[in-house]
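Enquirer: Take a look at the letters that make up each chain.
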Amino acid sequence: MTESSTALCAQGAAINKTLITGVIGSDTHIVGNRILSIALEKAGFKVIALGALTPAADFVKAAIETAADAILVSSLYGLGELDCRGFREQCIEAGLDDILLYVGGNLVVGKRSWEETERTFLGMGFDRAFPPGTRTDAVVDALNRDFAARSAPTPSA
Amino acid sequence: MSAALLIDFGSTYTKLRAVDLGARRILATAQGPSTVTSDITIGLDLALAALAAKLGHLPTFAHRLASSSAAGGLRMVTIGLVKELTAEAARQAALGAGAKLVGAFAYRLTAADIGSIETLAPDIILLAGGTDGGNAEVVRHNGKRLAASGLQCPIIVACNRDVAEEVVEGLTSAAKNAVLTRNVMPAFGVLEIAPAREAIREVFIARIVHAKGIDRAAAQVDAVLMPTPAAVMEGARLLSEGTERHSGLGDLLVVDIGGATTDVHSVAVGAPRRDGVVQYGLPEPFVKRTVEGDLGMRHNARAIVQAASSSAFAVRAGLTEAELEAMLDAIEDNVERLPTSPHEVALDEALAWTAVRIAVGRHAGTSEIVQTVQGPVTMQRGKDLSGVTTVIGTGGPLAHGATPASVLKAALADATDPFSLRPVRPALYIDADYLLYAGGLLSAIDPDAAFEIARASLRPLEEREADEPRSQIA
Ligand code: B12
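In order, the protein sequence lines correspond to chains A and B.
Residue 1 is where the first sequence starts when you use this note's numbering, and the numbers rise one by one after that.
Residue 158 is where the second sequence starts when you use this note's numbering, and the numbers rise one by one after that.
Derived from the structure by calculation, the hints contain no laboratory data.
Check the hints yourself; a few may be wrong.
[Claimed, not checked] Pair ranges (Cβ atoms, derived):
{"no.": "1", "chain 1": "A", "residue 1": "Cys9", "chain 2": "B", "residue 2": "Gly229", "range": "54 to 64 Å"}
{"no.": "2", "chain 1": "A", "residue 1": "Leu82", "chain 2": "B", "residue 2": "Thr546", "range": "17 to 27 Å"}
{"no.": "3", "chain 1": "B", "residue 1": "Pro499", "chain 2": "A", "residue 2": "Ala94", "range": "40 to 50 Å"}
{"no.": "4", "chain 1": "A", "residue 1": "Ala149", "chain 2": "B", "residue 2": "Arg265", "range": "43 to 53 Å"}
{"no.": "5", "chain 1": "A", "residue 1": "Arg112", "chain 2": "B", "residue 2": "Ala268", "range": "48 to 58 Å"}
{"no.": "6", "chain 1": "B", "residue 1": "Gly532", "chain 2": "A", "residue 2": "Ser151", "range": "22 to 32 Å"}
[Stated by the list, open to error] Only pairs whose alpha carbons sit at most 25 Å apart, straight line, appear in this in silico DMTMM-like list of lysine to aspartate or glutamate:
{"no.": "7", "chain 1": "B", "residue 1": "Lys240", "chain 2": "A", "residue 2": "Asp146"}
{"no.": "8", "chain 1": "B", "residue 1": "Lys333", "chain 2": "B", "residue 2": "Glu323"}
{"no.": "9", "chain 1": "A", "residue 1": "Lys42", "chain 2": "B", "residue 2": "Asp289"}
Glycine is no exception: its CB is placed at the ideal position from the N, C-alpha and C atoms.
Can you make the complete structure from the sequences, with help from the hints?
Expert: Structure representation (structure tokens):
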């Protein structure tokens with residue numbers, strides 16, 4: 001298989017942004033996270049990959065020290081909701097009030113619908129949640145749009 | 158004959174080691190009192206007179222090199238951002254430079270923090286924070302706080318390179334002595350402490366030696382090269398790595414028991430030794446030093462006893478709790494006290510054993526089994542020292558104690574603490590003539606001679622002694 005040369009790249013405000021990636025909790029599913037990290041690096045982001053089995057607190061510590069712009073949390077093994085509890089609050093506590101937070105992997109557990117799952121994670125303070133099988137291009141695209149929106153001048157009231 | 162004189166300006170003694178570089182042997186050892194608080198040359202002259210008495214006359218020394226832990230040692234404060242990240246990297250750099258850490262700070266310094274640093278009055282401050290391109294705002298804030306403080310000591314800046322120059326300028330324009338060096342953590346999880354360590358040593362030589370009055374001995378000493386713990390570390394590294402002509406001893410551990418602290422040095426990568434073990438936390442320095450400020454045979458004897466729990470300790474020392482209490486009081490009344498009665502010898506052995514046990518436990522890594530949905534996964538924190546082949550004991554209680562082998566065996570792995578990654582089956586040695594620091598000093602000048610002399614002074618602890626059951630100290 002050859003690399004697709006048409007893969008999306010970081011654009012505008014998103015270029016060179018620092019992203020933290022990792023698989024949260026006692027989750028060892030590393031493959032998707034690694035593919036995602038490599039793709040994001042190639043797309044022009046600065047990626048700090050924490051790998052599998054990463055405690056929530058370590059995402060936050062790494063983000064503080066590196067002044068990261070976004071944290072991308074992977075959870076595959078079905079305990080994502082438990083592991084991600086209080087994640088946004090930990091970030092706020094650490095002074096990362098408006099860091100961009102994404103979660104993805106395999107978040108749906110049992111018979112729950114994707115819509116319900118997504119609502120749960122957005123309710124926990126994640127900016128976006130991604131369904132299983134999300135392609136890396138879709139992630140780059142979302143980052144481009146979110147960073148552009150954040151850098152846009154706020155309309156004066 | 159080409160002779161060298163190696164001096165350790167200690168807090169209690171001025172120690173001398175005279176060596177013959179050509180014959181690769183030690184000529185004589187001598188010591189005098191430490192007189193740094195009045196005039197350091199008095200103690201040095203007394204020590205030299207003792208040396209001359211032993212040798213008949215003083216040879217002409219081709220090299221006269223010194224290390225120092227006098228006048229409180231190299232007292233440092235470290236500052237970083239996240240406690241487990243740049244703040245930890247800064248601590249490692251300071252410890253690796255042979256400093257005595259008197260304070261470690263993280264995150265934004267408050268006015269109260271500055272107040273405590275002023276009270277601590279360190280010799281040097283190491284300021285870190287942020288990976289390169291990472292957080293700039295906190296180290297900028299901390300730099301401003303330091304600039305506005307009454308602190309006069311040198312400040313070494315080893316932070317995010319984006320703001321490092323700005324921070325140095327801010328400090329300099331506030332008339333502080335600021336030194337720029339490379340970031341202790343240039344990228345996330347990358348520990349790069351060698352440049353900071355070197356900067357600390359340069360400031361030590363250029364300024365601290367003078368500030369502490371050690372340079373009064375300038376006429377009798379060519380150079381005061383480093384703090385004594387750094388010299389011991391250099392000696393350990395030399396023995397482990399060897400030289401071009403001598404192959405080294407490989408992975409090793411040095412345990413140094415003193416009156417106020419117990420130091421542990423390891424020279425080993427310490428990576429996981431089994432497949433499937435996940436390493437966790439910051440990478441560890443190849444040459445690592447930890448200092449246990451609460452484990453000293455004299456100044457902290459009671460703390461050692463408490464760490465082991467008094468009743469268990471009394472049993473170990475073969476004493477009643479009342480006897481133990483009375484003896485600890487006696488030690489606190491006179492920290493210079495040397496053991497005379499069999500009871501006191503037993504107490505000292507139990508103190509030494511416990512200090513080694515705890516200090517090596519804190520230095521060595523641990524493994525932990527994490528239950529995952531899929532089953533157990535082993536996670537390793539810190540260094541796996543189970544493959545270390547050489548353990549060396551140094552310091553008075555080990556060199557002069559009655560049963561050094563059983564004391565040093567406290568460093569080894571045992572079934573009661575299966576998750577501590579301590580050495581399993583190393584050869585045990587005592588640095589009988591206290592030559593590690595001398596080897597470290599000499600390694601800069603003549604590594605082969607330094608290696609041979611330091612190697613020859615390692616006295617193997619015989620298996621027979623090592624296997625003897627402890628009489629009073631279990
Ligand atoms: C391979 C695999 C394993 C391997 C993992 C090897 C390894 N170290 O990586 C092994 C055999 C060890 C394993 C073990 C287990 N597994 Co498994 N495993 C899988 C499997 C078959 C493939 C995962 C994979 O690598 N996919 C390929 C990658 C490329 O895709 P991806 O991970 O989804 O990632 C992509 C996107 O999702 C996205 N993405 C990923 N993360 C993020 C994050 C963000 C923010 C964004 C935007 C995008 C994004 O980018 C990636 C690239 O496109 C899946 C089933 C499946 N087909 O998905 C089950 C699956 C994930 N496993 C499952 C389970 C239950 C387990 C076990 C609990 C089984 C058990 N009882 O022992 C254990 C748990 C182990 C543990 N502690 O983590 C379940 C999870 C169920 C759930 N979530 O409700 C699954 C879904 C199988 C199933 N249908 O039941 N597993």
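Enquirer: Enumerate the violated hints, using their earlier numbering and listing them in ascending order.
Expert: Hints 2, 3, 4, 6 and 7 are the ones this structure does not satisfy, whereas the remaining hints hold.
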